[in-house]
Amino acid sequence: MDKNISFTLKVWRQRGPKEKGHFQTIPVKDMPGDTSFLEMLDIVNEELINKGEEPIVFDHDCREGICGMCSLYINGHPHGPATGATTCQIYIRRFNDGDVVTVEPWRSAGFPVIRDLMVDRGAYDKIMQAGGYVSVNTGGIPDANAIPIPKPIADEAMDAAACIGCGACAAACKNGSAMLFVSAKVSQLALLPQGKVEAARRAKAMLAKMDELGFGNCTNTRACEAECPKCISISNIARLNREFIAAKLAD
Amino acid sequence: MATIDSKIPEGALAEKWTNYKAHQKLVNPANKRRLDIIVVGTGLAGASAAASLGALGFKVLNFCIQDSPRRAHSIAAQGGINAAKNYQNYGDSVSRLFYDTIKGGDYRAREANVYRLAEVSNAIIDQCVAQGVPFAREYGGLLDNRSFGGAQVSRTFYARGQTGQQLLLGAYSALSREVQRGNVKLYTRHEMLDVVLVKDSEGVERARGILARNLVTGKIERFAAHAVVIGTGGYGNTYFLSTNAMGCNGSAAMQCYRKGAYFANPCFAQIHPTCIPVHGDKQSKLTLMSESLRNDGRIWVPKKIEDAKALQAGTKKPTDIPDEDRDFYLERRYPAFGNLVPRDVASRAAKERCDAGFGVNNTGLAVFLDFKYAIERLGEDVVRARYGNLFDMYEEITDENPYKTPMMIFPAIHYTMGGIWVDYELMTSIKGLFAIGEANFSDHGANRLGASALMQGLADGYFVLPYTIQNYLSDQIQVPRFSTDLPEFEAAEKALKARINKLMSIKGNRSVDSIHKELGHVMWDFVGMGRTKESLTTAIAKLKEVRKTFYSDLRIPGSADDLNVELEKALRLEDFIGIGELMAYDALNREESCGGHFREEHQTPEGEALRHDDKFSYVACWKYTGEGNEPELIKEDLNYQFTKVQTRNYKN
Amino acid sequence: MWLSNSSIGRKVVMSVTGLALILFLTFHMAMNLVAIFSGDAYNMICEFLGANWYALVATAGLAALVVIHIVYAFWLTMQNRAARGSERYAVSAKPKGVEWASQNMLVLGIIVVLGLALHLFNFWAKMQLPEVLHMLGMHVDTTNVANGVYHIANTFSCPVYSILYLVWLVALWFHLTHGFWSALHTLGWNNKIWFERWRMIGNIYSTIVVLGFAVVVLYYWLCGGAC
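Residue numbers (our numbering), protein chains in the order written: chain X, 1 to 251; chain Y, 1001 to 1652; chain U, 2001 to 2227.
Keep in mind that a hint or two might mislead.
[Claimed, not checked] Quick list of simulated restraints, FRET-style, between CB atoms:
hint, chain 1, residue 1, chain 2, residue 2, range
1, Y, Glu1380, X, Asp97, 34 to 44 Å
2, X, Ala250, U, Lys2094, 58 to 68 Å
3, U, Glu2196, X, His22, 38 to 48 Å
4, Y, Gly1338, X, Asn4, 11 to 21 Å
Worth flagging that the hints you see were computed from the coordinates, not collected in a lab.
Each residue gets a CB set at the ideal place from its N, CA and C atoms; glycine is no exception.
With the sequences and hints as input, model every part of the structure.
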């Protein structure tokens, strides 16, 4: 059985994007180890509500590590101390009695804070809209097995496609770069014959949008890869670079 | 009494959809630009519909409550999507997929709709592959399939354990393209809080818009359109604990219901057999372990009650129990399908064992899913390759290693087959209001087969609604764009603000979640896996109390004109209470057992579900009669013309 | 122009100039090693690379590479700081697998530039520069302009200079270990398999280059060039 853990929660509170934020310190007593991190925040919120205070605002939805909605920066790591897991998949048993647990929002110019720990990740949607698709209409499609795709290629595309668009890459990056996100989508579609047709256009359009939205320049520190909850590889960034440079040289 | 016209086209089953498409009315390209369509929801159904309608040239307004369309809970579907491709040469066909779905739904689905679903299933796979969905492939480069519960052919296409994610990202990318082309306008962090009906010149009420709350600013915003499409998913969170995402809700459906749309078969909720058991009262949601685990895992409880007691007390470990003392109850009861029986059957069998005292964890509410045999047969590496990510997830949550000790699982609420009533054209009983995906009721009858939800969501969005909505819109082309200053919008907004103010001014002592948990307990205990007349009558009484607590003791901090998560939850909870009541009324009315609905009074001597086709072969459509009043029942007869209705048999 | 208005383009400039500088370092290092084996041979090279037109063109090219590399480094860093947003994390931890060098390239680069300044003062200002000034008609002493060995022995006989040079070389090593594979990665010449290979090759290469320089420093410092 899991034991109960007591610790100090230091959580970022901020009313709005333009307002000044601060840390609120909340002691947490006897939290069962099998409580998930977000359930712990639910419990803390319940106590705040009972005291007549406003609850801590944070994004979350599926709570099984796939929707990409949860987004906390816990003790210096996006999605907390575990590797290959999202915030909602972190359990209290990972922490020790007496720990100070600092929770911050994603901090990046591309992700302005909305309230407390909730940030606006609309920039990722805009990057996708710039070209993160195969231009096909509904219907009139050849049979799914018309083009065989070698299994290793399909698997590699799937590795890239596992990205959940949570924003941890840009949050972890000291340069505030969204390259891992952009490269994962560009890679997935560039690898598959269906997406190859417009690969050059896609790479240029998505990168231009990323730059325009104020994300930084990638300097290959690999922090994104290390913190990515889906372990997306930076080899995708190399592929994006390749696609982009080739496209520009061909122009 | 109102009558129901489900508008099923004439002709043989296999020709209905072809005939419909050949004779339906279309809207020409120049007119499409002048027609606005609101699509609420960006899951598989909503995103695929918005993208397809946008590609056709309609002006689409697409809404979601999350920060991005890609967060919709379709993303969490793990296992796969069915299609009748017959790539594996197992003898699959459209009619077999149709038959399996009808039978899986326990003969409570509409034949014509299900046949159409099976018919368009193959096009979905083609569409997704063209979008760049990286389905699993074999070494020859062609698509791979896996098996799923309720079918004897291998027809499920998958992308690792993330099929829902990949299909949703495909639809989301198509949607993103239409946003870029200016055909779709996205409204994220917007929650629909009412549907607005406007009378036309002939006095017919039509859905002409919605009110939505901007979740960041708290402002109520008005949106007008020529038609409204609801793709907001199911209402499983009525039970508080479910496999649904925290934000999943039945509010859009309830708003339609309150405006006159029928709510069909609300009591048909699916309980998924393979979820991680509840661990404590602070738990916020239940985690699903993919049904695909049942391909290689064997489900068991101890044969001897003393072993079960020892497991519950923690004095014995599962590995201490020898094979001969293990009761593989699914294999024992259903030799033909074994561990791959449909979900409702597997869930009930687990409940039956636990009720008899054979549960294996400290609460006595869990059974084992054991991979020991698969590891012996295939080796740990193969098992790791197939299920590694699921095993890791299990270990992170429970702190137990499933390679060494069997997993513990228990059923949990997962999907709702019931929903807004729609006709063959997916139009509700309100003109111009459509419902697609899990939000409607149409295709799964009383039970949904695994890997069919993704199929239905995408079928509705890509291949059905874009046709049928034109049949409605073709006579709307003369109608100019609406102003949101119409008195109907004014009145709706006034009523909505009054509703919000009412909740804000209760200023009681209970948080939304605490009342929601109370609702969940009532639902699970009295409208859960096994229902009786008595339990349902109790439920209705208890739900009245929950409603009273809600209106007298709710506390919402903060202000309504601002970001306010507690207010969002309170509005949803108010609707969940209404849905809970609807479910209880419907379950009480349906005096038979079928699919996900099990009335303990109606079972065979072996404990299997007992249907009463003579009395209950109908869709129960509930019509709103005012807040707190008993709703009115309208029946749509399920006139089975092409299928022989049988008792479901997974034994041989 | 995509080399200045796209993030990958800017990185390509860093990458290409960086690789060119690595190539230069390799030649320079090889040349230095000659000083250990034969002072005369080394001085011949110094003569050859004196104020001849080709050497001057190469020097100008080299200077341009360095300047572009530095200007882009500051430009990118400014943009990247802006992209981080106004608020900094209160707690930050270095994730596993992240090299220290990769997150401190600018600091390392600044140390390298300071070392370069020292180096220019110690050698270039006494060798090629006086020659050029002389050619321009100025009155300067040109006795030792091609006597490289003399300058080496002179400089490294001073322990302060030797230690500063060694610090400089350590910073250069860190800068190169990241710079090498990162440059290739930026150009797109990388994938999952080559990732570890390039890193290993980069580490070995940087070590050889830096050791080659260090050996000359140590040789002249500890043995006065005569053991």
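Violated constraints from the hint list, given by number and in increasing order: 2 and 4
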